[in-house]
Each structure stands twice: as C-alpha cells, then as structure tokens.
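Participant: Keeping the supplied structure of chain C fixed, place chain H upon it in accordance with the hints.
Sequence order for the protein chains is C and H. This note's numbering applies: residue 462 is where the first sequence begins, and numbers increase by one. This note's numbering applies: residue 462 is where the second sequence begins, and numbers increase by one.
Rather than coming from a laboratory, the hints here were simulated on the basis of the structure. A portion of the hints provided could be inaccurate.
Treat identical chains as interchangeable: a pair holds within one or across any two.
[Claimed, not checked] Mimicking DSS-like on lysine-lysine, the simulated pairs with C-alpha atoms at most 25 Å apart in a straight line are:
(1) K651 with K537
(2) K537 with K510
(3) K651 with K510
(4) K540 with K510
(5) K540 with K651
There are 2 protein chains.
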Amino acid sequence: MPPRPLTIHPVTGLPEFMPGDDLAAAFWGAVQAQGLALAEGDVVVVAQKAVSKCEGSRMALSAIDPSPFARYWAEKWGKDPRQVEIVLRESRRIVRMERGLIIAETRHGYVCANAGVDLSNAGTAEGVAILLPEDPDRSARTLRERIRDLSGRSVAVIVADTFGRPWRSGLVQVALGAAGLLPVRDYRGKTDADGRELKSTEIALADELASAADLVCGKVHRVPIAVIQGYEAPPGEADGRALIRPPEMDLFR
Amino acid sequence: MPPRPLTIHPVTGLPEFMPGDDLAAAFWGAVQAQGLALAEGDVVVVAQKAVSKCEGSRMALSAIDPSPFARYWAEKWGKDPRQVEIVLRESRRIVRMERGLIIAETRHGYVCANAGVDLSNAGTAEGVAILLPEDPDRSARTLRERIRDLSGRSVAVIVADTFGRPWRSGLVQVALGAAGLLPVRDYRGKTDADGRELKSTEIALADELASAADLVCGKVHRVPIAVIQGYEAPPGEADGRALIRPPEMDLFR
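Isolated chain C (complex conformation) (with noise of 0.2 Å):
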C-alpha cells in the first residue's frame, strides 16, 4: 500500500500554563474548540516546557545556594551562579564544559546544552528555571491515558524538546518521552522496492515526528502541542528511552 499523505494541526488557543493544570484537558478542550476531529492512531507532540510547567518540574533562584565550583565557572563566563548550580544539579555527567557551554547528560541520560534547563524565564522578576519533567516517558503515559478517558480516542503521545546536535547548525525538535508508538524503527530484514535486503538501518521516527511537529509550533506562537494525523505507524510500542544511544553503541561519549 503506497503511504497517504499526513497533516499536521497547530493546536492553539491554550492558556500559559502553571503548575497543576490539566494539560490534558486544556488540549482536548482546545482540539474541540478549533473543530479537529481527533482520530484513532494521531499522534500528539507536546512541547516538554508545557509538560514541566503543569508538572511544577521548576526551580526559583532563590532558593539555591551555588557551590564554589558553580561560583568560579559563572564569574569566569559571564553567567549567574545560581543557573550554573542548577545545570549541575540536573546533570548526572558533563560531556563539555568550556566557551561557557555546558553539554551535560541529564540524570535521565538525554545529552543536551545545560542538561535540558530552560533558563529564559530566570530573569524575569519570579526568576524561575523551568526543569525537564522528572520521567517524561510516564508524562506521555499518563497524557495518553487522560486524553483517551476525555476524548475516547486512543493516540500516541511524544513530550519533545529542541536539541542542539555536534556539527550541525541549529537545533531541531526531539523525542524525550514517547507513549502508544514505535520510537526507533529498524528496517533490518526488510526488503527494499527492488527486493534488496536493507542492512542494519534503524530510523528515529519519534525524534522524524518531533520535528514535523515544531514546523507548526514554532517559537514565537504559543503553540506547545500539534497533532500529526494520517501517519502510518509501524506496530509496535517502547517509551522514549529507546531512542537514548546505549554507551556502548555510541562513539561521542
């Protein structure tokens, strides 16, 4: 069967959200309010900030008290202590650390700038740093469960955040927690068009899907979630971890 095409839906409409919302909610009602008939098999890719901040997954400035290693790298780079001490806080191991850049693999084993901490909201006066949620694959979880209880549609359900990656400009949308779907597909066994056997090759669909998504978030528009329909799903389920590079696999460690 030759594939169909796939649509990808802005949701917009949603409120900035605080600890405690229901993010399933405010997207259901959103999805109705907009006319979006949710179907069976839609896959919803949600921004990890919205995720964190219904989750209260943040930390104010004022409480941290910055170590004196935290002190000397700030003051030597031009940075606040106190966001340097909580990029340490949330990394289990520092990749890089020089220029003023920390790559840092979280206690989650994502590697990502300043271990995933999302400082733009520390210079406001609430001077808060918003944190990756503390297990995104059960934020997908329990997202696609609440959303398949309100709607009674059962969809796939990817917590995502923008990446920076070595040797490429930019950063992209990324998979950090997956639920209902195939993260990483591997076509090994799999015969191409001309009946050739295809070796070896492994495609991140989840991370594919995360990017799609954030052509209709973008940056500028309050538009935490999308919702991808028409695409065809390989069978199979694994939460995001799946699309982590095992040590032992990965050259760049």
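Facilitator: Only chain H this time, still in chain C's reference frame:
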C-alpha cells in the same frame, strides 16, 4: 496570524533512476499523474540517492585499487577494502574510525557515517557505490529552476539524506542542499507570546522539513520525493551550507 496546518504528500509512481535521467521532469509527471496541485511556496524534499543516481554520482568497485591502509583496516574489521577506499576518497577528515565504523567529514563539510557513501548497492552484480552529489546546493538550485520551468510554480527544494547522531539511536533525515528557503531561522531579538525576548535560539528548519518528509517516504516504498504544503516559510533564503556548524562554534570536532 496563528499557524496553519501543514500537509506532506508522498510523490508516488517514480521509477528507479539512472544516470542522465531528468529528475525534475519525472517529478512533475508524477505530481500531475497523482493529481497533486503544486503551489507557490511548496517545499519539495528529494532523497539524495535519487539526485546522485540521476547525476551519475557513483563509483564502480571494479575501478578501485585500495591503498595499503584501506586494505589493513578492511581486513581488521571484515569490510570490502574497495568500499573503505571509496569512503576515504570522499573524506577530507576522519572524525572517528573505530569498531569498524567510519565517521568522516565529507569534501562538502558534512559529518556523517561513511562520508555519505551508500554501499547498499555495492554487493550486487553491478558493484556500485552511490556517492553524495558533487554540490547538493547546486543540485537543489537546478531542480528548483527546472521545476519552475516545467510547472510555472516557484517551489523550495531540499536535497536530503538520513544521518546518524551522537548520543541518540537511529537516523533522521536532514537537509544537505537547499534552495528557495531559509534553512536556519534565528529568533534573536524576536519576542515570545509573553513579550519576552528570545535569546539566540536558532532552529534548523530545513532539517525539520527533511525529517518531516521522511515520514511519508520511508525505506521500503520507492518514494524518494515528498511535497510539503502549507508551510509558513520565514522570509529569506540561504543554501544548505548554512546548516554546517562553523568549526569555531563546534565543541565536537
């Protein structure tokens, strides 16, 4: 203005391409045959392999006399020394060469496995390796001009390939060459929905478009081209080279 939905169409019914084939004409014929209304501003994402095949960017293994180093390394890791030799010839720098894997910087500047050389046809009777296009930006510009001549529509073109990433499992499709769009959007100076200024957030839009297109192309069907409609491109234009991180900005050279 809130963002609109975006649709990604697979272009079906394309043949296996051979050197000298007119890719733009084949594309335009297939688009008309499937009744897809190509529009101004559509983004056409073409798999590098189709471009390379039409451009004759290939190398017969029978013509290769491997160097002693290629022979040594191939024997150590159970590879074909002629394949290793081709990969080395396509490289201007080796980033990692261990555990039987070669991560190289190509003559263009892309960092990827096997310097972008596709060896999947190498084991067949023809024994041919498909190389990256000589200049993917030129390929994208040429396709764009030919499609404009044939269809009367001014589209953007991305020449894409699937690349692996450090730290994350699986490949995602990225943009090598681009024409008629802005590959990287810089949000510096823009404000978010709350009026806060966004700091140095660059999004690799062309890579996200390439990943989105891969969702309808896949490896199993012969769908080397997708058309993305409804994408709200930010103003501006640059070539795909803008997606290569400058060495002085890169912590992982």
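Participant: Please go over all the hints and tell whether each is borne out by the structure.
Facilitator: Here's how the hints hold up against the structure:
no.: 1; hint: K651 with K537; in the structure: neither (53 Å within a copy, 28 Å between copies)
no.: 2; hint: K537 with K510; in the structure: neither (29 Å within a copy, 47 Å between copies)
no.: 3; hint: K651 with K510; in the structure: between (38 Å within a copy, 19 Å between copies)
no.: 4; hint: K540 with K510; in the structure: within (22 Å within a copy, 45 Å between copies)
no.: 5; hint: K540 with K651; in the structure: between (51 Å within a copy, 22 Å between copies)
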